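Engineer: For reference, the chains in residue letters:
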Amino acid sequence: SAVISQKPSRDICQRGTSLTIQCQVDSQVTMMFWYRQQPGQSLTLIATANQGSEATYESGFVIDKFPISRPNLTFSTLTVSNMSPEDSSIYLCSVAGTSSNTGELFFGEGSRLTVL
Amino acid sequence: AQTVTQSQPEMSVQEAETVTLSCTYDTSENNYYLFWYKQPPSRQMILVIRQEAYKQQNATENRFSVNFQKAAKSFSLKISDSQLGDTAMYFCAFRTNTGNQFYFGTGTSLTVIP
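Protein chains in written order, with the numbering used here: chain Z, 277 to 392; chain H, 16 to 129.
Just so you know, the hints here were simulated from the structure itself, not pulled from any lab data. Warning: the hint list may mix true and false statements.
Claimed, not checked - Partial chain H-side listing against chain Z, Cβ under 7 Å, derived:
1) Q59
2) M60
3) R110
These numbers were taken from a predicted model, which means no experiment stands behind them. Note that beta-carbon positions come from the ideal geometry of N, C-alpha and C, so glycine has one too.
Model the full structure from these sequences, guided by the hints.
Structural biologist: Structure (C-alpha cells):
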C-alpha cells in the first residue's frame, strides 16, 4: 500500500487567483495521477504526472490551466490557475499499486477547493 | 472505449440488512481489473474489494462480496450485515491489465438507516 498526503486539505480562493496543491507519497512511484471530482460527481482524470518528463493531459485539460510538477519519485504538485467558480472541486492525488498483482489506485485525502 | 455504469444514484438499507449495488461495464479487453471504492462523507477514498477478470471465483472481503459475471459484464457489490459506517459513496471502477487508465462509474450514494 501507499500513504499519500495532500496539502491543503481545503481552501477558499478568490476568482482569478491560482493555488498549488502538493502531494507527497511515502514510497517511490513511477506515475502519479491527478483527478478532479466536481460536487456530486465521479472522478475525472486531469493528467498523469511522470517523473522526468512532462505530464500527460487528458482531453479537456491543458497545461496552462493545470500545470503539474514532478521533481522526484515521491512528490508532485498541481496548480489550478486563474480560478473561476467552475473550478470548485475536490482534487485528488493518486498512485497505482506498485505490485503488479494489485492493480489498484491509492488516493490522498483530497483537496477541497471553493472558488468565490 | 471502456465505460462503467452505475444505474443506482442513491440507495438505502436498514442496519444489519443486506444491500446490493449494481455496476456494469463495457470493454473489448479480456484481461482487466474491477474495483469497488468507498468514499465516506468528507473522507478519503478507499478500496473495498478487487476482482481480477481471469479469476472465476468471486472476491470476498469480510462483509463485502461481489457477483462477477464476465459474460454479462456485470460486477455487483453485496454488503451484508450493513453498518452505519457503511454510509458512503461507492464507486465501481475498471482498469485494463496493460494500461494505467482507470474508469470510474458515477457512484451510488448508500445510506444505512439505524
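Engineer: Checked against the structure, which of the hints given earlier come out wrong?
Structural biologist: none
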